[in-house]
Structures are given as structure tokens and as C-alpha cells.
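Visitor: The sequence shown stops at residue 576 when you use full-length UniProt numbering, and every number in between is there.
FYI, nobody ran anything at the bench for these hints, they're computed from the structure.
Take the hints with a grain of salt, since some may be wrong.
Unchecked claim - Derived pair list, reagent style DMTMM-like, types lysine to aspartate or glutamate, alpha-carbon separation capped at 25 Å:
{"no.": "1", "residue 1": "K209", "residue 2": "E154"}
{"no.": "2", "residue 1": "K497", "residue 2": "E220"}
{"no.": "3", "residue 1": "K209", "residue 2": "E166"}
{"no.": "4", "residue 1": "K223", "residue 2": "D206"}
{"no.": "5", "residue 1": "K223", "residue 2": "D175"}
{"no.": "6", "residue 1": "K249", "residue 2": "E75"}
{"no.": "7", "residue 1": "K151", "residue 2": "E75"}
{"no.": "8", "residue 1": "K559", "residue 2": "E467"}
{"no.": "9", "residue 1": "K559", "residue 2": "E141"}
{"no.": "10", "residue 1": "K209", "residue 2": "D445"}
{"no.": "11", "residue 1": "K342", "residue 2": "D206"}
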Amino acid sequence: MKSSLIEYTKNWNHLSYGLVLKQAIHLHTQWMEDDKMAVDDEVTKENKPKDKKKKSKQLILDKKNIPEEFHNDSELLKYWLQRYRLFSKFDEGIVLDREGWFSVTPEKIARHIAKRCRSDVIIDAFCGVGGNTIQFAFTCERVIAIDIDPKKIEMAKQNARVYGVEDRIEFIQGDFLELAPTLTADIVYLSPPWGGPSYGTIDLFDLEKNIELNGYRIFEVAKKITPNIVYFLPRNVNVEQVISLMDDKTPLELEQNFLNNRLKTITAYFALSFNQPKFCPTATWNPNGITIANQSIVGQKPTAIFVSTNNTIYVANNENNTIVIWHEESVNPTKIISGNFKEPSSIFVTSNGDIYIDDGYENGRVQKWIAETNITVTVMNVNSSCWDLFVDINDTLYCSIYFRHQVVKRSLNDAVMTSNRIAAGTGSEGSASNQLFLPYGIFVDVNLDLYVADWRNHRVQLFQPGESNGITVAGSTSLNPTITLFCPSGILLDAEKYLFIVDHGNHRVVGSSLNGFRCLVGCYGKGSQSSQLNFPTSFSFDHSGNIFVIDLSNRRIQKFNYLKRYCGKSKYNRMR
Numbered sequence: 001m002k003s004s005l006i007e008y009t010k011n012w013n014h015l016s017y018g019l020v021l022k023q024a025i026h027l028h029t030q031w032m033e034d035d036k037m038a039v040d041d042e043v044t045k046e047n048k049p050k051d052k053k054k055k056s057k058q059l060i061l062d063k064k065n066i067p068e069e070f071h072n073d074s075e076l077l078k079y080w081l082q083r084y085r086l087f088s089k090f091d092e093g094i095v096l097d098r099e100g101w102f103s104v105t106p107e108k109i110a111r112h113i114a115k116r117c118r119s120d121v122i123i124d125a126f127c128g129v130g131g132n133t134i135q136f137a138f139t140c141e142r143v144i145a146i147d148i149d150p151k152k153i154e155m156a157k158q159n160a161r162v163y164g165v166e167d168r169i170e171f172i173q174g175d176f177l178e179l180a181p182t183l184t185a186d187i188v189y190l191s192p193p194w195g196g197p198s199y200g201t202i203d204l205f206d207l208e209k210n211i212e213l214n215g216y217r218i219f220e221v222a223k224k225i226t227p228n229i230v231y232f233l234p235r236n237v238n239v240e241q242v243i244s245l246m247d248d249k250t251p252l253e254l255e256q257n258f259l260n261n262r263l264k265t266i267t268a269y270f271a272l273s274f275n276q277p278k279f280c281p282t283a284t285w286n287p288n289g290i291t292i293a294n295q296s297i298v299g300q301k302p303t304a305i306f307v308s309t310n311n312t313i314y315v316a317n318n319e320n321n322t323i324v325i326w327h328e329e330s331v332n333p334t335k336i337i338s339g340n341f342k343e344p345s346s347i348f349v350t351s352n353g354d355i356y357i358d359d360g361y362e363n364g365r366v367q368k369w370i371a372e373t374n375i376t377v378t379v380m381n382v383n384s385s386c387w388d389l390f391v392d393i394n395d396t397l398y399c400s401i402y403f404r405h406q407v408v409k410r411s412l413n414d415a416v417m418t419s420n421r422i423a424a425g426t427g428s429e430g431s432a433s434n435q436l437f438l439p440y441g442i443f444v445d446v447n448l449d450l451y452v453a454d455w456r457n458h459r460v461q462l463f464q465p466g467e468s469n470g471i472t473v474a475g476s477t478s479l480n481p482t483i484t485l486f487c488p489s490g491i492l493l494d495a496e497k498y499l500f501i502v503d504h505g506n507h508r509v510v511g512s513s514l515n516g517f518r519c520l521v522g523c524y525g526k527g528s529q530s531s532q533l534n535f536p537t538s539f540s541f542d543h544s545g546n547i548f549v550i551d552l553s554n555r556r557i558q559k560f561n562y563l564k565r566y567c568g569k570s571k572y573n574r575m576r
């Protein structure tokens with residue numbers, strides 16, 4: 001069901017109330033404040049002149065501190081006065097041309113976007129003087145910075161040198177539209193020129209008319225590289241046009257970027273909330289895991305883990321009735337959420353940070369913790385615990401009901417919380433193609449194919465849209481030889497739809513590729529050594545392809561690093 005924009009958030013009331021949202025659109029407001037000394041004294045609140053006459057006088061008095069080229073250019077002077085807002089290290093050798101002053105992203109906003117775009121490889125398609133490029137270099141393994149203007153490329157290099165990140169960036173002088181077919185990346189960041197300061201005088205910024213290269217065309221070219229696209233746009237952009245860029249396979253999050261209580265820009269994130277890395281056929285992980293959390297943090301019964309695309313880690317602590325959150329680089333949790341939920345068995349996190357939490361054991365429901373307000377609301381009624389949760393690209397919530405031998409679902413866009421629909425299973429245990437026996441982990445891909453870890457049947461079932469009979473895609477009973485499983489409990493798909501499984505009873509994680517299934521981690525039998533697991537339950541990839549595993553009986557979370565440098569060098573035997 002479609003909903004009107006006004007039902008989503010009051011912070012977006014500057015947009016047309018007549019706008020009707022598609023499914024899978026999330027709206028978000030990001031508030032930021034300047035660091036101290038980000039703006040010269042003459043424009044700070046305390047010293048802001050009360051009228052235009054005083055303002056002119058103040059600027060004249062302060063001209064001795066202003067470079068001569070700005071004296072007779074009031075438009076450019078405004079940006080110079082905010083130079084520390086644009087680059088905090090401005091005085092250390094930052095260089096800009098006239099267009100660069102107008103177009104560079106304020107550092108605070110660029111830093112925020114970069115944190116959300118953590119990835120292995122990101123393309124900054126219109127890098128300009130490098131404001132965003134520099135911040136991406138702090139959060140991504142590799143940055144490809146492109147600009148058609150050779151002078152801008154040289155300026156971006158110099159500015160990256162000032163911040164000490166030049167060695168993490170590949171600078172390319174050229175036309176992004178022509179270069180795109182030769183590029184590969186996890187994320188493409190689009191910030192094409194808006195036409196200078198005059199864009200602010202336009203009532204409604206048009207993607208086609210006001211972006212010289214045609215904003216629609218740019219987006220279509222970027223989609224051929226990756227579906228994960230971030231589009232940086234002016235605050236007055238025609239949001240209906242932005243929404244029209246959506247396809248039926250990638251959700252959209254629209255984010256307002258406020259700086260000092262003033263709306264500056266809108267950022268559109270076309271991306272999933274979870275990681276689906278692309279691996280080489282011989283992908284290898286370090287066999288020795290690193291313990292990132294032990295019993296003191298996750299309790300005696302950690303049950304579920306979710307790693308978002310910005311590498312925020314979420315863990316359900318079943319014992320303490322909490323959700324523990326921290327960033328990958330943080331040693332200690334950065335946030336612990338508690339509420340009126342009991343013994344959570346599963347979680348799912350959406351791109352805007354909302355957390356869906358199983359609360360079925362005692363309260364018979366699924367709760368949503370809303371990141372923007374820190375409150376929880378009931379979004380599904382169930383008659384048992386959900387041993388796994390998943391939200392698909394159409395905002396449909398799935399719950400695997402272990403003891404009811406069923407997977408149920410409901411649309412989160414329905415205004416009224418009606419009874420749930422059956423997604424898989426008959427409600428009675430069995431091994432027929434339409435039955436499940438203690439279903440555990442679930443995964444729904446962009447084609448709405450539902451994968452179920454059929455725990456007691458020792459198989460993974462695929463239920464295609466509208467079909468009640470499943471296809472065995474892993475396990476000894478599959479049509480084609482795959483792998484023998486013992487109580488599979490977790491499922492993930494990578495970017496190319498290869499299957500990865502927590503083989504709970506065999507104390508390992510296995511995965512498929514062009515060469516069939518093989519053991520990935522925990523391949524040395526049950527145990528507590530760094531190379532071993534003891535009844536693992538669930539797992540998640542981070543943006544680089546590292547694997548995070550809930551090692552249940554060892555009461556810890558293990559991280560196994562992806563050894564990308566060994567691609568093409570590994571030798572292994574196909575498993576049966």
C-alpha cells in the first residue's frame with residue numbers, strides 16, 4: 001500500500017504534501033553543528049550585525065584580513081568567510097578555484113556521508129577539489145576520484161596531500177560518462193555541478209534541466225557499475241524526480257542534511273542496509289578468528305548479529321534483554337538499547353538505523369526501535385519467537401516461527417496491523433517440499449525469493465514468489481549434488497547470489513561459488529580455539545567481506561578476515 005509523505009515525518013513538511021511515496025522509501029533528517037572556529041568571527045551569531053548597514057561596515061573594517069581577490073566579490077566573500085567549514089585544515093595549504101568555492105561539500109556533511117559509505121571501493125564521479133574524496137579516503141579502502149577538469153584534479157591531489165590521504169586515492173582526469181564502462185566499485189557517489197550559487201534561486205531544482213549533463217542520464221550510467229548509488233543534491237531538488245529513479249530492486253533513503261539548524265542539502269541513498277560483497281571464485285578467509293566480543297559484553301546467550309553497510313555491528317543479547325551496538329573500529333559498545341522486549345532471538349536493521357527486534361517469547365510481537373526518536377512500536381503480532389527476521393525491498397517483514405514450522409510475513413506499509421500471511425510452510429512439521437521442520441534463518445533477495453534454513457530437515461529451501469513448494473538448494477536431498485548439512489541455522493547471499501550457510505551442527509560456515517560448496521571458517525572441528533566454532537548460530541558480512549559469527553556455546557563473537565589478496569591463489573577440493 002502506498003502512503004502519503006506527510007505520514008512519514010514532520011521534518012519533511014517543506015516538500016509537497018501531494019507527493020505519494022513508493023514502497024521501500026525511508027526519510028531521515030541529519031542534524032549537524034559546526035566545530036568551533038568553523039566560521040570567521042564576523043559571521044558568528046554573537047558578532048552577527050543587526051542590520052545591513054552595520055554588516056557592510058563590519059566587512060569594510062575587516063578587509064585587511066581578507067585576500068585582495070575577495071574584496072570586490074561579495075558572492076565569493078561569503079564562502080571565504082566560511083572556509084573552515086569547507087576545510088578544517090584550510091590554512092595548511094588548501095587550494096580552490098572559483099567553482100570549487102561554490103561547489104565543495106562542507107566538511108561536516110562530507111564526513112557524515114563518508115561514514116555511511118564505508119566500502120572497499122567507492123567512485124567519486126565528480127570529485128571537484130576533493131572535499132568528499134578526502135573524507136571517503138578515511139572510511140573506504142580505495143577511492144577512485146574522477147573529474148574532467150585537469151586543474152581540479154591537481155587541486156584535489158594537493159588537498160588530499162594536506163589531509164595525508166593522497167596514497168589511498170586514484171585520481172583520474174576524464175569524463176565519468178565515458179569512463180564508467182571500464183570501472184568497478186561497491187558504491188558510486190554522484191555530486192554533479194549544480195550550476196553555481198544561482199541554483200538556490202530556483203523554486204524546484206530539475207534533475208534534467210538544471211544539471212548540465214542530465215541527472216537522469218548520470219544515474220543510469222552509474223547503475224551499470226553498481227546498484228549502490230549515493231546522489232548528493234540541492235535542498236530544493238524535485239523530490240518526485242529523485243523517487244522516480246528507483247527501480248523495484250533497491251530501496252531509497254532520502255536524508256536532509258542540516259548544518260547549524262539550516263537545511264543545506266539532500267542526500268539520496270540507493271542501497272540495501274545489509275552487505276552483499278562480491279567475492280572471487282577462490283575467496284579465502286583467515287582460518288583464525290578474532291574475538292571482538294565475549295560473554296561480558298554479549299552475555300551467555302548471544303543469538304543474532306547484523307552488520308550494516310556502514311559497518312555498525314548490532315548484537316542481540318538474549319540473556320540481558322538488550323541490543324548491543326558498536327562500530328567495527330570500536331573496542332567497546334557505543335550504545336546499548338533496552339526496552340520492553342524480552343529474550344530477543346533475532347534482529348534486522350534498515351538503512352536508516354531502525355531496528356526490528358524479536359519480542360515473541362513472552363509478548364507475542366515484533367518491535368521496531370526507531371533510531372530518530374529512540375522509541376519502540378509494535379509492528380507485527382506473532383504467537384511465538386521469531387528465530388529470524390528480514391525486511392525485503394518492498395518493506396515486507398518476514399518472521400521464521402521455529403516451533404510452528406512456518407515463515408510468516410506482513411507489509412509494513414499497511415496502515416492496519418492485520419493477520420500475517422504465510423510465506424512458507426504448512427504449520428505442521430514435515431519434509432515435503434511445502435513443509436518445514438523447525439525453520440531458522442531466512443533471507444529474501446531483490447527478486448523476492450525466500451531462502452529458509454530448514455533446521456531439522458538439514459537443508460536450505462528456496463521459495464519463489466507465489467510458490468508454496470520449495471526447492472532444495474543445499475543439503476543431501478538437493479536435486480543436484482551440493483553439500484551435507486547438519487542443522488543449518490543462518491543464510492546469506494553474496495552479490496552474485498552464491499549461498500553462504502551457518503552449518504550449526506557441524507560447527508562451521510560453508511559457502512558456494514563457481515566451484516561448488518566448501519568450508520570457509522570453523523573447518524577444524526568443534527572447539528574453542530581461534531580456528532574453531534562451537535554451535536554457531538548466525539553470521540553477517542561487513543562491507544569488506546569479513547565474516548562475523550555468533551559462536552553460541554563459546555559465548556563470543558568471532559571475526560574472520562577476508563583475504564582478498566589471495567584471490568586466484570587458493571587451492572581447495574569441492575565438498576560433498
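Visitor: Do the alpha carbons of K209 and D445 lie within 25 Å of each other, as the hint requires?
Guide: violated, 35 Å
Visitor: With the threshold set at 25 Å, check whether the alpha-carbon distance from K497 to E220 stays at or below it.
Guide: Given that 25 Å is the threshold and the Cα spacing comes to 23 Å, the pair holds.
Visitor: Quickly compare the C-alpha distance for K209 and E166 to 25 Å and report which way the hint goes.
Guide: This hinted pair is violated, its Cα atoms lying about 35 Å apart.
Visitor: Does K151 pair with E75 here, judged by a C-alpha cut-off of 25 Å?
Guide: Roughly 22 Å between the alpha carbons, so the hint for K151 and E75 holds.
Visitor: Does the structure keep K223 and D206 at a Cα separation of 25 Å or less?
Guide: holds, 20 Å
Visitor: Given the hint that K342 pairs with D206, does the C-alpha gap stay at or below 25 Å?
Guide: violated, 49 Å
Visitor: Are K249 and E75 close enough, with their CA atoms no more than 25 Å apart?
Guide: Not OK: K249 and E75 at ~43 Å, beyond 25 Å, violated.
Visitor: Would you check the hint for K559 and E467, treating anything up to 25 Å between C-alpha atoms as holding?
Guide: Measuring from Cα to Cα gives roughly 36 Å; hence the hint is violated.
Visitor: Straight-line Cα separation of K223 and D175 no greater than 25 Å?
Guide: holds, 16 Å
Visitor: Next pair to validate is K559 with E141; report whether the Cα-Cα distance is within 25 Å.
Guide: holds, 18 Å
Visitor: Keeping to a limit of 25 Å between CA atoms, is the pair of K209 and E154 held or broken?
Guide: violated, 29 Å
Against the hints set out earlier in the document, violations occur for numbers 1, 3, 6, 8, 10 and 11.
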